[in-house]
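Participant: This is what each chain is made of:
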Amino acid sequence: MMPILSMIVLIPLIFAALALLTKTKEQARAIALAGTVIVLLLTVYMYFNFDSTIADNQFKELVPWVESLGINYHLGVDGISMPLILLNAIVLPLLVLFTWNDDRKSPNKFYAFILATEGAVIGVFTALDFFLFYIFWELTLIPLFFMVSIWGGPNKHKAAIKFFIYTHVASLVMLLGIFGLYFAAWDMTGTPTLDIPTLIAQFQFIESGIAKDMIFLALLFGFIVKIPSFPFHSWLPDAYTEAPTAGSVLFVMLKIGGYGLFKIMLPMLPFTASPNLMITIMASLGSVSILYGAFLALSQKDLKRMVAYSSVSHMGYVTLGAAGLVSLSVSGAMFQQFSHGLIMSIMFMSCGIIKNVTGTRIINDLGGLAQKMPKLAVIMVLTFMASLGLPGLSGFIAEVSVLAGSFVNLPSYVMIALVAIVITAAYHLWALQRAMFGVYNEKLGTVTDINTYQTLSMGVIAILILYFGLNPSPVLEMMLTNSEQIVSLMAVMGV
Amino acid sequence: MDLMLLAPEIVIALTGLAVLLIGLFLPTGSKKILGYLASLGVLVALGLTISSLGTEALVFYDTVSIDALSQFFKIVFLVVALLFTISGIKYTEGNSNTEEFFALGLFATIGMMFVASANDLMVLFVAFELASLATYALAGFEKNNAKSLEAAMKYFIIGSLSAALMLLGISYVYGATGTTSIPEVAANAGILASSPMGIVAVVLLIAGFGFKIALVPFHMWAPDTYQGSPSVVSALLAAGSKKMGIVAALKVFVVALIALQAEWQTAFAILAVITMTYGNVVALNQTSVKRMLAYSSLAQAGYITMAFVVLTPLALGGGIFYALSHGFMKAGAFIATAAVTYMVLSENKESPDPDHIDNFRGLGKRMPVTALCMTIFVFALAGIPLTAGYMSKFVLFSSTIQAGFAWLAVIAILNSAISLGYYAKIVKYMYFLPTDSEKVAEPYPYTVAMVVAAVGVLAIGFWSEPFIYWAMEAAKVLVGGM
Amino acid sequence: MAVGDFAFLIPVLPALAFVLTFFLGKKLPSGGAIIPIVAIATSFVISLLITLNLLANPEEVVSQSYSWFAMLNIGILVDPLAAVMLTMVTLVSLLIHIYSVGYMSHDKAPSRYFAETALFTASMLGLVLSDNILQLFICWELVGVCSYLLIGFWFEKPSAATAAKKAFLTTRVGDVMFLAGIIILFSDLFKIFNGTIPDGVYILRFDEIFAHIPDIAAMNANIFGMEVSHITLITLLFFGGAVGKSGQFPLHVWLPDAMEGPTTVSALIHAATMVTAGVYLVARTFPMFIAAPDSLMVVAYVGAFTAIFAATMGIVMNDLKRVLAYSTISQLGYMMLGLGVGAAIGAEAVGISLFHLINHAFFKALLFLCAGSVIHAVGTHDMRQLGGVAKVMPITAATMVAASLALAGIGIPGTSIGTSGFFSKDAIIENAYLFGDTTGAWIPYALSIVAALLTSLYIFRLLFMTFYGKPRTDYGGHESPGSMTVPLSILAVFALFFGGLTSKTFNTFVSETFVNNFVNMDIHELASIGGYHLASHGGHHEPLIILWMPLIVALAGFVIAFLIYGLKIVNMDSLVSRNNPIYKLLYNRYYQNAIFTDFFSVKVIYEGFAFAGRAIDRGFDWTVNWFSDLTLEAGESLRQFQTGAVQNYATAVITGVSLLVILIKVVMEVI
Amino acid sequence: MIPIAFYLALAAILFSIGLYGLMTQRSGIRILMCVELMLNAANLNLVAFSSYNHDLTGQVFALFSIALAACEAAIGFAILMALYRMKDTISLDHINVLRW
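Residue numbers (numbering that gives the first Met the number 0), protein chains in the order written: chain A, 0 to 494; chain B, 0 to 481; chain C, 0 to 670; chain D, 0 to 99.
Be aware that one or more of the hints could be misleading.
Below, a sample of chain B positions facing chain A; criterion: calculated Cβ distance under 10 Å [to be verified]: (1) I400; (2) A408; (3) S415; (4) F431; (5) L432.
Simulated from the structure, these hints should not be mistaken for lab results. We treat Cβ as the ideally placed atom computed from N, Cα and C, and that holds for glycine.
Could you put the whole structure together from the sequences, leaning on the hints where they help?
Facilitator: Shown next as structure tokens:
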């Protein structure tokens, strides 16, 4: 059969190179659309040939790379990565559509970076070799770094450097953890390998408990910063806010932190020397993030910054659910990543549009936009409702699964999270009321509603939010399969 | 004995002489040919070396050994020399002393190559000095440029000082062991270890080599010299003679003085940490790109020195491998700077400091190829994946963890995080800061050299298996002595 | 095939209507009102048929479940309890839709209005139909959002937008408690199954939940040192949700403000249907409450207190709709009280309470629609500017009187003569007496009696001020169109006679719910889990006075109102003044607004917590930047070593050498 | 026969003088001389050791290093000359354009 995974990883990168060569906006966007759509088709094909009843990696590809270090080109997808790949494959064509009519300097680079990010992120999701994993992991930084620093807002340079170095430090610490695991396994088996499943399997045989915990914490740190979780979130508001709209959406697509949590951390968790400590760490970070992000969002004046902090709050559910260690909570956390991706894309798109048409993002300077922009208003209301966890929309499925599941093991942490739900509703509604409803603020001048492409892209995502809210099974089934397998490990260890 | 074993050295030597003689009779206008000649010679030598990979032999009464280690480093030096000569073609354009430039460069190369294959302290010292002398002159090649001369002067004085220190050190080694042949020294080093001279000798030798490797505090000359001397020469210094110091240190310490391992291991541990930290931190707010690169190469030297601390085969292999990648990256970066300097000067002869980072504004538009290559080099130096820099960091740092020097690895990792600060700064200037000046034609010899280097960086980064293999082979030669 | 198989259509049709109206409405006449009307009419027919079918043979309960995800399901359950609710909701909603055609004729976005009301109806029906607690919660939230959208229907009015937000947030507080209850329930059941749920078992279905009540009751949580049974905890949290939705004290503050929406919305959502969802929730999960007597006590007290608390404020309001709003709160209090007395009389309480719920839906919807038709005609809410409207709008006035009689509960005890309100409300009050008799808690009864007095007082005050006497201002005005008056008349009929006709059957019919629907559920057994015994049936005769008391107080209220507002024998101006503390307190609604909104939400939450958080975040940011600044500083100072004088360089080398020697010496000694 | 220690001491003294000069002197020429001094101290060591060890290598080494010292001197003077031409001084204090 054809190497479909290599294709969905490489095609975006190739098309990115092509896009770089183009001269005009028209060519660039055409190539970008072509590339993303091809990936979408391949992914859909893969999705329908994916067996969601088994937890193993599928569509595997294995090519030796650097034997002397045990490095292989090893790809595969399972129920954890498949939905996230799907998410990227779905959103990015729509993102290209969304930016279809924008005018910006050097569009060829712009679309090249979009494609490059897609390739890198999908690469992270498919890599089954730590070396490859880390390569793609770092690769995601570069296009985003450029994205922010070329098309970003007033403080773009500071934000870009901060984001770049902060997350780079995190990934270096993660690299240390990988090294530790690598050599621990090497010493035990005598053969070097960076194969992720093998190393995870070897983890439990490490004698020294200290070493185990050190390795685990190093990896955990790398992922937590990427998620990001309180208190390692301070790169996020700047980066998300300064980034151009497309950049923010790409940031949202960057679900690699949580992915690492599920794919690498959880299978190791029961074998660490002090699993309960690890669970406590993750749970408290998660629940605090939820509450903290909500309060911060409530105190923001800038719409986009508010959305950024709400993202911190939402990603808290991922950490909490992962720590919940009940199949429902774990799969709910995975689903939260998926739905959060959809919801936040629209949130940031809306922020971008509002900034474009009104020239400001300060919530109090807006007002009554709903009268002038009915289409945007409808989509925004729907998305905000989804974001504050309204049942029938994807956000609710995730949150309720996480909360209900986690309560079994972590009741007190869930109670903290529950407080945040009211706050979450508060800032969403406050923003809606100030920005969209009420008397139209004449100072904003004449504004026009969103154009056809924007309506199309946002509309499709909105419909998906609704669809997965009513019928999550298409992605939740495979998540459940994997999370049950993870949880069964816990049961074995009696954690 | 079989002279063919020394074919590369001989070729280089002959080329050097030929260039020197032919140059005398050529009018300044047509001296371009010399550059091509030199490059050709280096290319041939490179070919010969690669073709003879794997041969092992001792020549000249066992004072010169040809083994994986020497071969590997010869290749490094020849590659650097190649980049040097190619970019030299453009640099020496219209210069009446072209022949000296290339001749000196080639002689320096011979020196380095012999250091790489030295099996006797005497040969090592002589070759070391040969390379040094040639590079002293090269550093001051721009006779009418005060900076160039100052650079040469400082380089020379500190250089000769360290030569003296090294010689003194060697004399003690000789005194204690009664021989200068490296294997025999290794055999008798026990005597040295027992005598008080031991530590002194070790420290003196460290100082001697540390000067070339530019380890803090023996580095003081390096920033000034790299900044002052012509960029092409800086490339040779940073990429070439630095590695010479490393290979010399490897031979002397890891092979000859393994008996005093405890002493020099601690010394190198201290130096490595200080060096990498100092280099990175000070590099952060430099305005001269060449000076920034100088400090960054300090830091890189610090990383490589970790190999002396860890001392596992993997670590030594990693250090050697790192030397190779660093050769490509640093040489490329300096040549890119040279291209920019050339561009600036061709616009304005009197420009005070052509290597100021402001001249990199909007380079992405003005000199796309140069900017792209420079980006590759700095990202490689920062250790971004799929580049040689990442590969070598991967091997070296991981070996550090393996040997249980976690603290060292952490320091190194944090350092490479800091280093992102100034590397990203260069990229920022090249791509994000606006410029009013327009696109310029890129001098193609520079471009060729840069592209070669960039290709090398990416090739090593992506298809690293054979390189790592040879590095490991080279390391085996060393640990044979252990 | 049985009519029950069409049950799923009941919510689906309005949902479809929503989609169609949302997209096509603008093109159709009067905002495509016809689509939802037809859809809801059909739903009404279906639910009516199902109800009748159930009346005929009670065991034909409709119950269908489909797996949703994980161990959760979606499904429908139509037992008597749901059936009567369905019929009521569809009927009222249908009438109000018809009425709205006329009422919204002048509005600029009728299609949006009908789309949203259709969506609301769909969600409300879904709520009633749910066969599991999670689905109920989902629809619960959806109706909340619909009410948010409809209160803020005229969103260009800032007051409307604010009211909408307030309504959503206040109910949200209750919803979170409800959710917490669900979560605890889930984890308890999960533990009971210890993690392995067999296929086809959906653990949040009501029958599963009720089947495991004993196990849940066995679990104890230690909260602030108190040993609380999980069943009590869960039921209390559920009741918290009900408090939010049904505007019980202290979460009632949103309901009066909700009157910012169109009057029809107030009638549909904030009088007849949505606000009763809380009561329905408690009724639905009643078996759990039975097993938790403490919770039932709380329900009873809160209900009774709310009843009188809201009534007091109803007396002094001058806004037509606000009076009705407070009346609604007060009546909801009665319903809660009706459920609360279940601690004494068991499942019967559900019947009583539901009976009042249905009747209330009819007459309160009628009251609002009448008010709406008045407002529609004269264009003001303020009773002080009205008066003598009866002459202008006879039909409206007549129907209004009917509704008021029902609300005041006029009727002759012992006979089946009387308005709907009479039968249901008196039943509640009597049982409150019985409740006091058995449990010794008399306060609810006392409160309910006083509340009855106030009820008739404020409603007749409203009547007299609005319809009686001569106009205070010259409002133009005319009788409303047929599309509005017809629904009024229909509702009037229900308001007057429904109670009388069904009082016998209704109670038994609904109270059967738990007995014949959920297998072998013995209320007494559950009660014994709660550790108490229900009053023996039939054996209780209240003294005659108790039977007549409600009527007496109702009439008293009428008389007072007539004397004051009809004959004006007392000069109100002395009472109604800023310097009368009691009046001031009531008029400012006990200053809840100041306390809840201004102080708590704004000061404490927003300015307090949020800005504290902001400060903390700056802290983190600062730490991160501090590192980078530090390194830069270090670099700046370290580079000073590079003096440029070559002698210093030489010195450095020498120093380095000597230092190294010493260092190595030291290190070697140490090691 | 004079014990080896004396030679070593002498060499050490010479070397230290050289070092001292290197650190203190301003004139380029003097610094150059100091360097020569140090090299010769090392040579003295070599020669002393060679006779002490009865092994010629040391003396050969010394010869080599003397030759190298000569080359060094040549290049050094060349550089200093060039500097002098440009700046009319060889006082190294004034030659510190490159720093920090």
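Participant: Give a verdict on every hint.
Facilitator: Cross-check of the supplied hints:
| no. | hint | result |
| --- | --- | --- |
| 1 | I400 | holds (4 Å) |
| 2 | A408 | holds (6 Å) |
| 3 | S415 | holds (7 Å) |
| 4 | F431 | holds (5 Å) |
| 5 | L432 | holds (9 Å) |
Violated hints are absent here; each numbered hint is respected by the structure.
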